[in-house]
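Read off the chains here:
2 protein chains.
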Amino acid sequence: MHSLQFTAESSSNGMVERDFTVGGIPGVLWSPASGADRAPLVLMGHGGGAHKKHRAMAGRARLLVTGCGFHAAVIDAPGHGDRPRTAHDEQEIAELRKAQAAGEPEGPIVVRYNARLAELAVPEWQATLDALQELPEIGADGPVGYVGIGLGMAIGVPLVAAEPRITAAVFGMMWPDALVEAARQITVPIEFDLQWDNERIPREGSLALFDAFASKEKSLHANAGKHMEMPRFEADSATRFFARHLGRAATSPA
Amino acid sequence: MHSLQFTAESSSNGMVERDFTVGGIPGVLWSPASGADRAPLVLMGHGGGAHKKHRAMAGRARLLVTGCGFHAAVIDAPGHGDRPRTAHDEQEIAELRKAQAAGEPEGPIVVRYNARLAELAVPEWQATLDALQELPEIGADGPVGYVGIGLGMAIGVPLVAAEPRITAAVFGMMWPDALVEAARQITVPIEFDLQWDNERIPREGSLALFDAFASKEKSLHANAGKHMEMPRFEADSATRFFARHLGRAATSPA
Numbered sequence: 001m002h003s004l005q006f007t008a009e010s011s012s013n014g015m016v017e018r019d020f021t022v023g024g025i026p027g028v029l030w031s032p033a034s035g036a037d038r039a040p041l042v043l044m045g046h047g048g049g050a051h052k053k054h055r056a057m058a059g060r061a062r063l064l065v066t067g068c069g070f071h072a073a074v075i076d077a078p079g080h081g082d083r084p085r086t087a088h089d090e091q092e093i094a095e096l097r098k099a100q101a102a103g104e105p106e107g108p109i110v111v112r113y114n115a116r117l118a119e120l121a122v123p124e125w126q127a128t129l130d131a132l133q134e135l136p137e138i139g140a141d142g143p144v145g146y147v148g149i150g151l152g153m154a155i156g157v158p159l160v161a162a163e164p165r166i167t168a169a170v171f172g173m174m175w176p177d178a179l180v181e182a183a184r185q186i187t188v189p190i191e192f193d194l195q196w197d198n199e200r201i202p203r204e205g206s207l208a209l210f211d212a213f214a215s216k217e218k219s220l221h222a223n224a225g226k227h228m229e230m231p232r233f234e235a236d237s238a239t240r241f242f243a244r245h246l247g248r249a250a251t252s253p254a
Numbered sequence: 001m002h003s004l005q006f007t008a009e010s011s012s013n014g015m016v017e018r019d020f021t022v023g024g025i026p027g028v029l030w031s032p033a034s035g036a037d038r039a040p041l042v043l044m045g046h047g048g049g050a051h052k053k054h055r056a057m058a059g060r061a062r063l064l065v066t067g068c069g070f071h072a073a074v075i076d077a078p079g080h081g082d083r084p085r086t087a088h089d090e091q092e093i094a095e096l097r098k099a100q101a102a103g104e105p106e107g108p109i110v111v112r113y114n115a116r117l118a119e120l121a122v123p124e125w126q127a128t129l130d131a132l133q134e135l136p137e138i139g140a141d142g143p144v145g146y147v148g149i150g151l152g153m154a155i156g157v158p159l160v161a162a163e164p165r166i167t168a169a170v171f172g173m174m175w176p177d178a179l180v181e182a183a184r185q186i187t188v189p190i191e192f193d194l195q196w197d198n199e200r201i202p203r204e205g206s207l208a209l210f211d212a213f214a215s216k217e218k219s220l221h222a223n224a225g226k227h228m229e230m231p232r233f234e235a236d237s238a239t240r241f242f243a244r245h246l247g248r249a250a251t252s253p254a
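Line by line, the protein sequences give chains A and B. So the first sequence is numbered by this note's numbering: it starts at 1 and just counts up by one. So the second sequence is numbered by this note's numbering: it starts at 1 and just counts up by one.
Check before you lean on any hint, since a few could be wrong.
Unchecked claim - Simulated crosslink set (DSBU-like; lysine-lysine; CA at most 35 Å straight-line):
| no. | chain 1 | residue 1 | chain 2 | residue 2 |
| --- | --- | --- | --- | --- |
| 1 | B | K53 | B | K98 |
| 2 | B | K226 | A | K98 |
| 3 | A | K98 | B | K53 |
| 4 | B | K226 | A | K226 |
| 5 | B | K98 | B | K226 |
| 6 | A | K216 | B | K216 |
Unchecked claim - Chain A is nowhere near these chain B residues, computed Cβ spacing over 10 Å in every case:
| no. | residue |
| --- | --- |
| 7 | R55 |
| 8 | P123 |
| 9 | E163 |
| 10 | D211 |
| 11 | A224 |
No lab work stands behind these hints: they were computed from the structure. Fair warning: this is a prediction, and the values are worked out from it, not measured in the lab. Quick reminder that beta carbons are idealized off the backbone N, C-alpha and C, glycines included.
Isolated chain A, as found in the complex (with noise of 0.2 Å):
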């Protein structure tokens, strides 16, 4: 087992964010400034071509932290952030723009090069949350939940399905086809955010994945708008989602 190691650390506004490694992954982790005491750990996917200190995953860790005290952990994806590309991510990429390029639909090489992507991720996610179980402020038996929109709800739904360890999750915004089979399998709470007139993926796979999880709590918030125009208010409802189900509540104004 890899053991977790901290590269960097600096403060800001009642956060403490640390830079760490876990078996040569690079990743974050931001807490609370004040108190040791245990608190719940929330696992953040970044999206596609994005980063572990994207300013969705800082947003995101803000509300997580300030608001409810909790944990928040991002790794980078393979071939994502400080992490280096092979040629088959070089490959893939170039695919991508050349279809977005020409016009053409992407679906097809986001679903499978992020399914290429979760295969190395899923593994990656566990042995780091193995290492971050061992951090006296986090603990073995914490509640620990996970968020990922787009290439983290790629990675996030096979990473859900095989992880026991963690009891509630936020997805949305990625094609339907590599991820039914998983979700089926997934039977803990989930919030599901999914764009109502998306141009990229197309609005009747996303209705059957989300009926496809198994979870007998299962909310699935839909927002008028495209691909890129989630309102930013499904990141506070995310957060009070993980404040139900993690086992604190949220001190923060709505």
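Please arrange chain B on chain A, whose structure you already have, making use of the hints.
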């Protein structure tokens, strides 16, 4: 124009409850106990077979009044609460009970009966809003919202379509049949609740009704569960929706 007459007043835990009548229609207005400032108003339509002080109404009022500093008002729908039933009411209710007892679809009866109640109730709500806006603590130019589930949606959709003073609305849980045309005329922000496993109202029709709203800002909240299992956190979500759109921040914890 009918003026509003208060008939009873009580208060508890920071909320004043005043019974009123407008042109013979009985209603209730819940307001913050402190502060004479003008504040936004949310009109609330109760469900079928319920009444103005049903606990679902009092519960939503508590969130809006003590959470946001808003006013909240309900009037009894025709044939409901303190209002007499007509022979037509009795006949439709008898038909509904007969269908329910026989295990036959109640949809067609609810749709036609609630459409008739909406014809009566829309002008009643408009007269009530006229009278409420005469109160100095509400005023003629303040923000107005509407929330209604079930019968409250059957009345609310034509009301919001007809009434430009209402600038944000929350709906849910009504057969779409009589509502699609009015929904197409609505352009204000809406939040729409449906139960994913609703055994009474077909899912496809509800999704088509959500699609019909012309609102640029609209959110569908679909939760796993049957007709009567709508989760309580949707009342919190509706409160935050009104806080966003009627112009004051909610102060209650999430």
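Do the hints match the structure? See the list:
In summary, the hint linking K53/B to K98/B is supported, as the alpha carbons are separated by about 27 Å, within the 35 Å threshold. Using a Cα cut-off of 35 Å, the hinted pair K226/B and K98/A is violated, with the two alpha carbons roughly 46 Å apart. Distance check on the hinted pair: K98/A and K53/B sit about 61 Å apart at the alpha-carbon level, beyond 35 Å; violated. The suggested pairing of K226/B with K226/A holds, with an alpha-carbon distance near 30 Å, which does not exceed 35 Å.
Among the hinted pairs, K98/B with K226/B is consistent with the structure: their alpha-carbon atoms are about 22 Å apart, no more than 35 Å. Taking the CA atoms of K216/A and K216/B, the gap is near 31 Å; set against the 35 Å cutoff, the hint holds. R55/B, annotated as away from the interface, keeps every beta carbon of chain A farther than 10 Å; the closest lies near 21 Å. Listed as outside the interface, P123/B is consistent with that label: its C-beta sits roughly 30 Å from the nearest C-beta of chain A, beyond the 10 Å cut-off.
At the 10 Å boundary, the C-beta of E163/B stays outside the reach of chain A, the nearest C-beta of that chain being 21 Å off. Consistency note on D211/B: stated as away from chain A, yet its beta-carbon is not over 10 Å from all of that chain's, at 8 Å minimum. For A224/B, the shortest C-beta to C-beta distance to chain A comes to about 5 Å, within the 10 Å cut-off, and the non-interface label is violated.
In this structure, the hints that do not hold are numbers 2, 3, 10, 11, in rising order.
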